[in-house]
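This is what each chain is made of:
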Amino acid sequence: MTLDTVRGMARDILEHQTADGVLGLAGDEDGVAPRVFDKADALAALVLEPKWVLAKIALSVLVQTPESYRLAVVCRGCDERALVELGKRHRLDPGRLHMIGVACSAAQAQRCLCRRPWPSRVDAGEKAAGADLSRSDLVRQYLGGERAVRLAKWQEVFSRCIKCYGCRNACPVCHCESCKLEDRVWTAPGEIAPDMLTFHLVRAMHVADACVACGACQEACPVGIPLMLLQLPLRNALQRSYQYDAGTEAERLSPLLANYIDAPAQEIALPDWTDSIEETSWDLIS
Amino acid sequence: MTACVTEKTIANRPQDGADPKILVFACRWCSGIGADEAGRQRLPMPAGFRCVPVECAAGVDPDVILKAFSAGAEGVAVLGCHLDGCRYNRANHAAAKRMALLTTLLETVGIGADRLLTSFGTAHEGHQFAALMRRFSQRIAALSALTCRVTKTDPVLGGWGDDA
Numbered sequence: 624m625t626l627d628t629v630r631g632m633a634r635d636i637l638e639h640q641t642a643d644g645v646l647g648l649a650g651d652e653d654g655v656a657p658r659v660f661d662k663a664d665a666l667a668a669l670v671l672e673p674k675w676v677l678a679k680i681a682l683s684v685l686v687q688t689p690e691s692y693r694l695a696v697v698c699r700g701c702d703e704r705a706l707v708e709l710g711k712r713h714r715l716d717p718g719r720l721h722m723i724g725v726a727c728s729a730a731q732a733q734r735c736l737c738r739r740p741w742p743s744r745v746d747a748g749e750k751a752a753g754a755d756l757s758r759s760d761l762v763r764q765y766l767g768g769e770r771a772v773r774l775a776k777w778q779e780v781f782s783r784c785i786k787c788y789g790c791r792n793a794c795p796v797c798h799c800e801s802c803k804l805e806d807r808v809w810t811a812p813g814e815i816a817p818d819m820l821t822f823h824l825v826r827a828m829h830v831a832d833a834c835v836a837c838g839a840c841q842e843a844c845p846v847g848i849p850l851m852l853l854q855l856p857l858r859n860a861l862q863r864s865y866q867y868d869a870g871t872e873a874e875r876l877s878p879l880l881a882n883y884i885d886a887p888a889q890e891i892a893l894p895d896w897t898d899s900i901e902e903t904s905w906d907l908i909s
Numbered sequence: 047m048t049a050c051v052t053e054k055t056i057a058n059r060p061q062d063g064a065d066p067k068i069l070v071f072a073c074r075w076c077s078g079i080g081a082d083e084a085g086r087q088r089l090p091m092p093a094g095f096r097c098v099p100v101e102c103a104a105g106v107d108p109d110v111i112l113k114a115f116s117a118g119a120e121g122v123a124v125l126g127c128h129l130d131g132c133r134y135n136r137a138n139h140a141a142a143k144r145m146a147l148l149t150t151l152l153e154t155v156g157i158g159a160d161r162l163l164t165s166f167g168t169a170h171e172g173h174q175f176a177a178l179m180r181r182f183s184q185r186i187a188a189l190s191a192l193t194c195r196v197t198k199t200d201p202v203l204g205g206w207g208d209d210a
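Protein chains in written order, with this note's numbering: chain W, 624 to 909; chain F, 47 to 210.
Just so you know, the hints here were simulated from the structure itself, not pulled from any lab data. Do not take every clue at face value.
To be verified - Below, a sample of chain W positions facing chain F; criterion: calculated Cβ distance under 7 Å:
hint : residue
1    : Met624
2    : Thr628
3    : Arg773
4    : Thr821
5    : Leu857
Model, not experiment: these values are computed from the prediction. The beta-carbon is built from N, C-alpha and C at its ideal position, and this holds for glycine as well.
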């Protein structure tokens with residue numbers, strides 16, 4: 624049903640030449656892979672499952688095609704948010720994109736631990752409720768508990784890293800020209816597993832205010848490091864302090880770029896001094 | 047493959063009475079002056095900290111702080127001007143926001159938010175700087191030692207020499 628709607632919209636787009644190509648997943652007997660459909664006849668191969676983050680592929684298509692090329696993308700919520708973030712950072716021209724919004728099912732949202740499994744405009748599918756993170760065992764395992772327990776847990780999981788750079792390469796919003804993770808000042812060459820602090824936490828900090836929780840890093844990881852859970856408290860902190868959810872507002876830049884006057888933090892009046900030595904209580908999960 | 051993390055710093059922790067290693071980034075317009083003055087007045091201060099003067103607290107990249115922890119610092123302090131008194135168009139607001147996010151990350155992985163001290167406009171007098179350093183050093187000393195990885199110098203078998 625949802626699939627038919629998407630195929631119909633894609634056919635319309637190609638027939639009316641609203642866009643020159645439709646980026647989606649193509650499934651045949653060999654499996655599923657992303658493909659740009661430019662003929663309406665080929666759309667019978669278009670599928671929606673499994674979840675595949677297409678934002679990075681859309682970016683590389685736009686980079687390789689001329690300025691006049693317009694691309695329609697079959698977007699899940701996370702794809703759309705990633706494309707919005709890339710647009711904000713001037714990595715692509717949002718005017719060249721046409722989005723076909725697909726809402727994810729509740730089961731998919733629970734698998735992705737996604738709290739917002741729908742794009743801003745839902746063309747196909749039903750808006751399902753987001754996942755309830757506080758009920759997830761995985762979240763509690765990594766983010767609950769005492770400091771020492773968490774440290775041991777994260778160190779154990781990062782010691783499995785084989786430094787394949789999959790998390791960085793898969794991330795749709797990771798976009799520096801030269802990467803610190805390839806610089807010997809930060810990451811010693813030939814050292815496996817890499818240092819937690821200068822490899823994983825630097826990566827987490829770089830995408831902190833752009834992360835759209837698409838889970839591409841985690842899916843790319845061959846040793847199963849739950850990288851989304853590392854990003855979750857950062858996203859929560861931005862949400863709590865600035866009501867900022869990356870990718871949901873195309874006009875609003877990250878509050879980290881502005882001062883407290885232009886982008887005030889919730890419940891904190893401009894203090895004339897701050898001193899983080901005071902005890903604070905931490906709620907990492909919600 | 048051997049695990050990359052061992053409890054190295056526990057063994058390396060200075061003997062009783064020595065102060066934990068702390069790296070201080072001090073903005074040169076206020077806490078840098080405070081640090082100078084504290085030194086000139088010979089105020090009692092813990093001996094374990096090293097001060098890096100920076101032009102503005104906003105010049106301190108969170109990555110540098112992570113690198114400092116990785117290199118064995120047990121605490122890092124970023125000291126800037128009053129939030130209303132920055133010389134560079136409220137750049138210290140951006141620093142404050144970034145550091146707040148970094149403390150969240152440090153807390154998440156269990157290193158602990160209180161190993162990173164961010165303070166604005168509390169250290170521009172010598173005695174204020176000395177008092178802040180004493181408090182922070184005591185706070186760090188009370189924490190359990192930070193486990194830290196062993197830097198391996200042997201080449202990793204099967205690894206590429208130039209993969210990074």
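Hint check results:
no. : hint   : verdict
1   : Met624 : 40 Å, violated
2   : Thr628 : 40 Å, violated
3   : Arg773 : 3 Å, holds
4   : Thr821 : 5 Å, holds
5   : Leu857 : 6 Å, holds
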